[in-house]
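Engineer: If you want the building blocks of each chain, they are given just below.
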Amino acid sequence: DTGVSQDPRHKITKRGQNVTFRCDPISEHNRLYWYRQTLGQGPEFLTYFQNEAQLEKSRLLSDRFSAERPKGSFSTLEIQRTEQGDSAMYLCASSPRESRGDYGYTFGSGTRLTVV
Amino acid sequence: DQQVKQNSPSLSVQEGRISILNCDYTNSMFDYFLWYKKYPAEGPTFLISISSIKDKNEDGRFTVFLNKSAKHLSLHIVPSQPGDSAVYFCAFRDNAGNMLTFGGGTRLMVKP
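Sequence lines, in order, name chains A and B. Quick note: the first sequence uses our numbering, first residue 1, plus one each step. Quick note: the second sequence uses our numbering, first residue 1, plus one each step.
Worth flagging that the hints you see were computed from the coordinates, not collected in a lab.
In the SDA-like style, the derived pairs of lysine to any residue whose C-alpha atoms are separated by at most 20 angstroms in a straight line are: (1) B:K37 <-> A:F45; (2) B:K37 <-> A:G3; (3) B:K5 <-> A:F45; (4) B:K37 <-> A:Q41; (5) B:K37 <-> A:G40; (6) B:K5 <-> A:E44; (7) B:K5 <-> B:S51; (8) A:K71 <-> A:G3; (9) B:K37 <-> A:S5; (10) B:K37 <-> A:S109.
Chain B is nowhere near these chain A residues, computed Cβ spacing over 12 angstroms in every case: (11) K11; (12) R15; (13) N18; (14) R22; (15) E52; (16) D63; (17) F65; (18) E68; (19) P70; (20) F74; (21) E83; (22) G85; (23) T114.
Here the structure is a predicted model, which is why all the values come from computation and not from measurement. Idealized CB from N, CA, C, for every residue including glycine.
When you get a sec, could you build the whole thing from the sequences and use the hints?
Structural biologist: Put into structure tokens, the structure is as follows:
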């Protein structure tokens, strides 16, 4: 297992279309996080899972955003009816449940979304 | 509300000199303070961290300082190398350990 994998790396979509991104965490990691990063800003927390349970979703940007982790392994993030303001880098990260605060998460390389 | 601020969007340093990156925060409920480094087209990678009960942590060329009274975090890189050129983010973990809050980043350029 070489790390957190995200697919696709790049996605260009027309406004109004739905998009779905996939994240495969490090296999022994129980926790999975989604972040969004816009140009010139730091990553912004969206949601996280512990195994298959979504424990925090109040930071999802609107009801157009949803995430799943059906079997506690990979996760998907879906954006419905995309808008130009959704253009950003979407980052996935994972960590063990009993995460020691001193080493943080492992991030994937992200999916860059461009809405035209 | 911006709980974490990196006031310098960019920093240029000569190779071999010290790089000092700074971060200010407002939330007293953070328990761990971390620095991440990000190269273009890659995700952030963990660099170094410090617990809220300490004021200094060293790892090779990297030293992180925490001043809780001033709510200030800094990263020192000595000596700076061209390969250190990247965007650096400070990040803070809340007491519940459920999420990291990131600053806006500082782009470090180390000139040969």
